[in-house]
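Asker: Given only the sequences and the hints, what does the whole structure look like? Please build it.
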Amino acid sequence: MVTRQTQELAESATRKSSIWASIQLIRLGAVMLSIAVVWRIVDQFVLNLGSTWMNILPSKLFPFLIILRFFWKYRPRELASVLGLSRDRIRAQLALGFLIGVVFAVGIDFGGTIVYALFFDAAYPLELRILNQGLLGYTLIFFLTNAFLEETLFRGLLLNAFKTRLTAKLSIMLSAIVFGIWHAGWPIINGGSDVLGQVASIVFFTTILGILFGVYYERFSSARSLVGPITVHTLANFFSESFKLGPEPVIQGPDLAFLNSGLMASTFLMFLIVFIPLIIFLWKYKIEQVTDMLQRVIGRNGRVTAGYDDRSRNTDKRNEE
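Per our numbering, the very first residue in the sequence shown carries number 517; after that it's consecutive.
Worth flagging that the hints you see were computed from the coordinates, not collected in a lab. Just to be clear, a hint being listed does not mean it is correct.
[What the hints assert, rightly or not] Below, computed lysine to any residue pairings styled on SDA-like, alpha-carbon distance capped at 25 Å:
1. Lys760 - Gly653
2. Lys685 - Lys760
3. Lys589 - Ser534
For clarity, every value in this text was computed on a predicted model and none was experimentally measured.
Answerer: This is the structure we're talking about:
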């Protein structure tokens, strides 16, 4: 009797495991997105955590842990292939992600302000402000957690789910649009006289960013790793929300609202100047090509330096003789 009950329980657990392991990615993506959206709405609109020092960390951390735990238990082979949590070329992914993240964040945020001050308003103050200096470490952890959730959810799970029904290009576009709509809540919370305009602005810009991250993952990384996009995403958010050049007011959420139309125009100009070459680069090349090229350049420079040192030693010997 006990043996039969034990066997039935084991068979029931096996059936449940089989169901979760075989569920279509598109349905799984819808479930995980729903969990993340509900948690985000609660943190933003009900608890108003965006106005506290903690920010909306729970809606970042716990949905990510749910996704991670689910795949770890039921679909471990897809941790890399679907969620992008892979060690493939991890050093190159981190290094290039760091470089691109710094260029993207500094070039757009600081670049737009500098262009405005140089060409439109010479009296515009260019003082550097560091926001929440005592919380910089926490802020970095917050945006790292945010990047892990948003990249594994939108570029990992959703993009790969869409690819089961659509082409890679359409999947990148669709996942980017969902990513843009995901950010629409912040302007509603912040209010103001032009809420609809601010919603349209943030959805547009974050959709463009979603396309960039999608191309990075799908094309540049050959859909093998999200380490690079996670690095870029973390640094872009961290620099944008922690360091400000000029007196523009700070608001909750992604800082894409401008009271100054000239500053908005110069920032958009720098956005295009940085974004267009970057996305062409990520679309045209693979990470293997870039790392191989860098290795050849470093090796060539090393040989040149070694040859120069050899000639210097030979010259010194002749002088001694």
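Asker: Just to be careful, I want the Cα atoms of Lys760 and Gly653 compared with a cutoff of 25 Å; is the pair within it?
Answerer: Holds, because 17 Å separates the two Cα atoms, which is no more than 25 Å.
Asker: Taking only the CA atoms, is the gap from Lys685 to Lys760 under or equal to 25 Å?
Answerer: Not OK: Lys685 and Lys760 at ~35 Å, beyond 25 Å, violated.
Asker: Does the alpha-carbon distance linking Lys589 and Ser534 stay inside the 25 Å limit?
Answerer: holds, 11 Å
When the structure is compared with the earlier hints, a violation turns up for hint 2 alone.
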